[in-house]
Amino acid sequence: MKFLSSLRLTVICLTFLMALVFFTTLAQVNVGVLEAKRQYFSGFFVWKSVFGVTIPVFPSGIVIGWVLFVNLIAAHFTRFKWGVDKVGIWLIHSGLIVLLIGSACTYYLADETQMVLPEGQSATYSESQQRLEVALIKEVGDTHQVISIPYEVLKLNKPLSVPQAGIVVIPRVMYANSQLLTLPPDGTIAGLMGIARQLQVREIDVFKKDNFRNISSVYLEVLDDHRPKGVYLLSNGIEVSQALALESGNWWISLRAFRDYNPYVMTLKDFRHDVYPGTQIPKNFSSQVVVTDSKTGQSFESIIYMNHPLRHQGKTYYQASFSDNSTTSILQVVHNPSWIFPYLASVLMGVGLIVQFGLHIVKARRKKS
Amino acid sequence: MAVNFISLSQRIKDKDPQGFLISYLQLVVAGKPLTLPTSDVYDTTKSAWETILYGVPGGYSSLFLIQLSNIWLKIVKAIPESSHPEFARRVLTYLETHNLSELAIPASEKPKPKGKTHHKGRPVIDHLDDHQLEQKIQTPTAHPTLNSALASPQASAYDSVHTGTLDFSKESDNDIQLNQALHAEDVDAFLMSVLTKSLYQIKPNIPMSSVMDIIYYQWRDILMTEFNQVPSERFLKLLSKRWFNLMTQNGLPNSRDKIKALIYIVQKGGGISQQMAGKSMQKKRSWWQLFMKALTGCFIVSLGLTSGCREKISTYTIPKEPLVTDVSVMASFKAPTGQEALPFKWTVPKNWVALAAQSSFDRARFSVSVGTDTVTIAITSIAGGPPDLLNNLNRWRGQLKMSPATQADLNSSLKSIQLGDFPIYWVSLSNGTEGFEIAILKHHDENWFFKVSGPHAAVRQVAPQLRTLISTMTHQHSEASE
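Line by line, the protein sequences give chains Z and B.
Counting in numbering that gives the first Met the number 0, the first sequence runs from 0 upward without gaps.
Counting in numbering that gives the first Met the number 0, the second sequence runs from 0 upward without gaps.
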């Protein structure tokens, strides 16, 4: 307990954190931001291969963050005593605790997706750049019933029950990154169905840089009420949804970027890519959008540009990119339920510092007088 | 006795502060360049006399310094300030006509105090400190506990100290008490003795910190060096905890007033007595253990949640939306962003195999087999101004592990040619084993790159096919207008 609340532990954690941020910054040059973040901040340890053996070399960012949090809490209750002259310190430390809680909440709860909007078109969903889903879609009247199976839950040769569709799926071959070749299959996998009969899959090295997309592919065996329905090739490089006739009805199956649907429709009225006169240097990127509530039909207009995101129903839309000769806008959609924490922490720490310094000034003046 | 510095040393040795002052003032009146403290603040006066005594041969006791300072303060308050020799003369007269020996009686020779109001038996030091205490009471400090100790109505801190179980006027008694407290591991009794002892020291040897770790190690050092005791871990912990509580509640004992107030607080049991400290620690520990267990649990659960919370099969209903269900191979390949159409139309050589896009810059991707080798053709576009040819050339040379090119190299390796409707730049690069054939095309505000990569010989064979593809290229919109 003594060590847990000690200042020594705080210093150790802060030093570790500094080193971790430094090495993550270096790493992202080679593997990109997301991969560097995954390697250095997720799990319990940072793993490195030393002479062919993968060993933990450093505690991960999330572990250090937690230790720092526990240390701060322990110190807060064992060291600090309540007193009028300590109000400032209490506020500063409370702010720090709130900041750490906010960071943890962001880490666990926040999600980032992208919405691609060509001018004049609408979208009801945004797509994840990292996560994939196996989508099973069934037509029900004027609607689509969607079953979303996160790609991460698929494990090689492990049956996964999907009771919503009354099937069991078994991934037979999985590729983290692949090339799809327009060649007939080589016959190594039996019972191929759908587009698998027209393509070959070649495994290639996984891209770790941010602007390269991995083409994940999986040969998925489907059992409908324990009866084999065949092996389907699903890949996020294939746009097509393949037909799947089951006892529970006719479904479409595909592997695609994870979709986050909204209860409103966003329409891009105009995208502007202004440049400084006589140059190609960008001056302004902005998206004029109309948001229409799907239930009430009420709508409002907003312009999204640099440092001026649109916040709506817990999501924040930032101007992120564009394509197609500046006719398509790409918006970054951030869903972070803990967005208020950093603001709250800043206010607490700011007030704490003012109070603490104020008290010192008052004391010093009293002493002088 | 002739008045000189030797006589001053003798006065110190005789423990005669009044005699010392008389001798010293005689030197001042005789014209010696000596200083005289003029402040009526105790600490300043004491500090000034400390500096003066430092220049006198032989040592001096802290008690002598305190007594000297006390007498001087009395004099300074009694005699109005005037010019230096005149002031010295007047003080000298005052000293010669007044007997201040009562103030100079060493503490150990005084009768024991009896009862709360027995002021005669106080050590000299405390006589004037009462005045300071009064001042403190009139100007409350920021520490409520300390302040209440200083301003205690039923008895002053001083009185409380003197009515306690310890007789602080006898240092030897105090040492005995201190050793007994150490032996019995009685934290409060030990602190009482140490704090009392500190009152008579110029630099009290007590931890001046409110950080638990520092307190712990400082107490350990003090006990080992000052008292030649190797304390038990339990006693050391209890002592540190008690001191920590006292420091956090009352602030550091950086003045005599605060030390005295601390003695009062410890004597009154303000806060935690030894037994109470043990109980409270035990109670606190169990509460802490529970709290820390809960936090650790949160940590483990949250780590599990990291991977677990997003791994659930979910079902939802959406308005019907168009689905691509054409299973013909080319239709099934996803466009790079899934949205846009290509601004060009081209004829793909028959032996080229279409591949899925691998980055957001990819507009099309193919592979072609040449013997046992495979060559990749990537068509990418990047928005921006005119292409930075030298930087791009060096990027490609870097990919082939070739040394960077200069502007002269660029001019020699870059060919400007017309293929069909389009003026393009053509670059050929090879490191002997691997090679690139690259066509660069500027179209509106986008730069298009057609890159053939693979084994050098195979790339050379595929290059003419790329030229053919570019030659067949037409604008999509021009066809539409036709």
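Keep in mind the hints are simulated off the structure, nothing from the lab.
Don't be surprised by glycine CBs; every beta carbon is placed ideally from N, CA and C.
Careful, some of the hints might be misleading.
[To be verified] Facing chain B, according to a computed beta carbon distance under 8 Å, are these residues of chain Z, among others:
| # | residue |
| --- | --- |
| 1 | S48 |
| 2 | F50 |
| 3 | V239 |
| 4 | N249 |
| 5 | W251 |
[Claimed, not checked] Okay, the calculated beta carbon distance ranges per label pair:
| # | chain 1 | residue 1 | chain 2 | residue 2 | range |
| --- | --- | --- | --- | --- | --- |
| 6 | B | T467 | Z | K47 | 45 to 53 Å |
| 7 | Z | I100 | B | S61 | 51 to 59 Å |
| 8 | Z | S48 | B | S402 | 54 to 62 Å |
Verification of the supplied hints:
Residue-level restraint check for S48/Z is violated (minimum Cβ-Cβ distance to chain B is 22 Å; threshold 8 Å). A cut of 8 Å between beta carbons decides the hint on F50/Z: the least distance to chain B is about 25 Å, and the hint is violated. For V239/Z, the interface hint holds, the least distance from its beta-carbon to any beta-carbon of chain B being 4 Å, beneath 8 Å. Annotation: N249/Z was flagged as interfacial toward chain B, and the flag is violated, the nearest CB pair being 11 Å apart, outside 8 Å.
For W251/Z, the interface hint holds, the least distance from its beta-carbon to any beta-carbon of chain B being 6 Å, beneath 8 Å. The given range of 45 to 53 Å is respected by T467/B and K47/Z, whose C-beta atoms sit roughly 48 Å from each other. At roughly 53 Å, the beta-carbon separation of I100/Z and S61/B lies within the given 51 to 59 Å, and the hint holds. Between S48/Z and S402/B the C-beta distance comes to about 30 Å, which lies outside the given range of 54 to 62 Å.
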